[in-house]
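S.K.: From just these sequences and the hints, can you work out the full model?
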Amino acid sequence: MAVTEKTGTFVGTSVKRKEDASLLRGQGSFIDNLTLPGTAYMAVVRSPYPNARIKSVNLDAARAAEGVVAAFSGADLAGDWAGGMPCAWAVTEDIKMPPHYPLASEVARYQGDPVAVVVAESRALAKDAAELVDVDFEPLPSIADAVKALEEGAPLVHEDFGTNECYVWKLEAGDLQAAIDAADVVVTRRYFQPRLIPNAIEPRGVLAQVGPTGEITLWSATQTPHIQRFVLQLVLGVPESKIRVIAPDVGGGFGSKIQVYGEGPLAIVLARRLGRPVKWTEERAENYVGTIHGRDVVHELTFAATRDGDITAVKSEAWCAMGAYLELVAPGIPLLGAWLYSGPYEIPNYGVTFTGVFTHTTPTDAYRGAGRPEATYVLERTMDALARELDLDPVELRRKNFVREFPHTMASGLTIDAGDYHGTLDRLLEILDLDSIRADQEARRGRGDAKQIGVGFSTYNEMCGLAPSRILGAIRYAVGGWDSATIRFQPLGSVQVVVGTSPHGQSHETTFAQIVADRLGVGVDDVEVIHGDTAASQLGMDTYGSRSLSVGGIALWHASEKVIAKARQIVAHQLEVSEDDLEFESGTFTVKGSPDRNMTIQAAAFAAHVAHNLPDGMEPGLEETAVYDPPNFSWPAGAHAAVVEVDTETGDARLVRYVAVDDVGSPINPQIIDGQVHGGVTQGVAAALFEEGAYDDEGNLLTTTMTTYLVPSAAELPSFETDRIETHADNPLGVKGVGETGTIAAAPAVINAIVDALSHLGVTDVPMPATPERVWRAIEEVRR
Amino acid sequence: MRRVALTVNAVQHDLEVEPRELLVYVLRERLGLTGTNVGCDTSSCGSCTVLVNGESVKSCTMLGVQADGMDITTIEGLATNGELHPVQQAFHEHHALQCGYCTPGMVLAAVSLIESGKATGRDAIREGLEGNLCRCTGYHNIVEAVAAAAGVS
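Residue numbers (this note's numbering), protein chains in the order written: chain F, 1 to 784; chain S, 1 to 153.
If you are wondering where the hints come from, they were derived from the structure by calculation, not from laboratory data. Hints are all accurate, no fakes.
When the alpha-carbon atoms are kept at most 25 Å apart in a straight line, the in silico SDA-like pairs for lysine to any residue are as follows:
#  : chain 1 : residue 1 : chain 2 : residue 2
1  : F       : Lys16     : S       : Ala79
2  : F       : Lys16     : S       : Glu76
3  : F       : Lys242    : F       : Leu34
4  : F       : Lys18     : S       : Gly77
5  : S       : Lys118    : F       : Ser719
6  : F       : Lys127    : S       : Arg30
7  : F       : Lys127    : S       : Thr61
8  : F       : Lys18     : S       : Pro86
9  : F       : Lys451    : F       : Asp647
10 : F       : Lys18     : S       : Ala148
11 : F       : Lys16     : S       : Val152
12 : F       : Lys16     : S       : Ala148
13 : F       : Lys127    : S       : Arg20
Computed from a predicted model, the values in this text were never measured in an experiment.
M.R.: As structure tokens, then:
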């Protein structure tokens, strides 16, 4: 038989990644590595203005240029669209949803808005010719700031709406105002979380091919092949059965490759018109304006509390920039944090208001954490502010308000299945050695050192495992939150697994193989995981929101149950015993009490395929599919601490330690989990210290390259200290998800640490990102 | 067009390239060596790092014609007889890659750092890899992998 001997248990061990073999040798199938015979190359002409009327588009010079195949304006292609690019999340009944087409034809509404395309024989010739496209723009007034965009007389992003207000969404529970009125202490803080540019190191790209009967294949650097296919049918007016979307190796996404961007449908209609494959590869400068941004939210958070630190109410108001159009799930991003303004704390009265606002900027959408970092940041910053107000230790204030018993139904209505918030914090404090940090801090303050030290905490939880379809329906999300898995035994015993989620760094091929290998009692190398191709996996809802394991992994578990059940029937039939008389362990069915009477699951698979001797009426083959719709979100949680050293003379804040203790449920592969935590923490730290997608008032992006938008390198970061505690989620694998935890937790921990380092000077706030200039100004302000 | 002679992964190539063609595109598009990735337009990310005469170079900052007569190693040329180079192996052992896009450049930068004798400790490794950005790993495991390959305890 072609299979290897199964050795031991895989779940819970750090199996080395299957993905590495090709990636380490430079054999990744990244989109820009793929080319078909006859491929033509597309370049996109984008608006240099934040808001401008398109008076005319002259393509003559571009069309006459060397190697140019074709060039089109928005008006030229207007008849190719069956519909605009839809937003899938109408969060309120009266939300304003502007039309959004792959090319703007009348008004360009942000710097980077695509207005024309050129197709040529090479990438370089397409780019040369794109520079010859002569667009007569009439610049119009524009606005980048979401709060100012709501003021009377502000330039409008969509004139037809008569306002820049996109929607107002509210959630209230308990008696919010009464609790605030009755409180001993009320603390309100206002915080701005800047724009973040996701910066997957692989830019986006597409390759489109249209066959002779109109069948479409789109290779795309995407997190969401199934969602792409669904949306493409609406934009192109072609049934899904004629569309195949393939996500090859994808070089990072972090939410920015969820959306259905215009370049995909553009490449398809050009391939159809020109009768040859069309490819587009994003450049980094395009990525900064043409791929979604994240965050850009102003919050005002209010806590009501008793004098001894019991928090009785939390009220949040937020103004959330949507950018110029509504991307796929943009209006719903704040909602993903809407139930987290009480975090791991028991707070009986609760109120959240989100106002979505159009601005003349690149559209926003999901960036790692999506809504949950936003909520956690203001919650954890305000916890420290309340601790200062009450003169309580910030750790003790958190502990005092922690949820203690699980399952716990929050005031806001959702139920947290499992957690141990005290245990997580205890473990953090053990690793941290807080006493020696405080002693060091005391000594430095006593000596009046220029370099001061501070420690900041963030105790968080999150809702992920997106998501129960019924809840998604209740909050007006357009589709469901289930996922699927198929397990197929091949005749000689190797196993194919087809999943509806697809990775862009998360290690699905290894993690899913571990689960299946253990369930079926086969070797991890005998399990091949197929993903990212809608022709292979018809049912899928793709990868985002830490859902692949906690939804897709559970579908896989259920599929394995079905496979085992069918194999059991076959074995019982062949050994002429009752199914109840069979035990299944490590890949072998054994008759209870007769260990010599047994049959492996591979033998059952072979029997199923040859079908010589199956129970009456049984279909040949050993292949089962399960679709799993989670009954609840999953609820990872953790306690993180940052230690920073701040140079009070220069304002330079340096992260010197970072400790993360997380509860992500039962671990499948600890090494992969740690890797996710490291990467997530780094993106949170980067938001706190380095990264800001900055616009001027009119909407000109100021941070247009990696030299002005500061993605940190290894030199700016320390090594991390990670640990886990485990409480088991209410699903068969006990898993919760880990992709976003670090990003959610890290930013407030770092800023709280900087404020702590400077608290003896009277500093109570430092804005993100805490650049040397901002830290220095915060110090100067209190010194004056 | 200009004629250039390159040795890439121990194979001699005589090519005609455009004067404006960057080395990375000569490698990717003329030689089909797509393991060298492009991540930015500004020599910032380091994804396209290759070894030129043994030293790490961002191949998007060098023209193909400038590489005339030079000896180039790309990620495809690092393993020998199917065996991973010790740095590649260390990346595998320490889970120093996730999406894998920055990995070829990161591995070659690390090879160069180690061979130059500058990978003397974790801080030195962090400084030495400053020109290579990774968005997935937070660098923790990359530093561990390079430390292991360099024999740093």
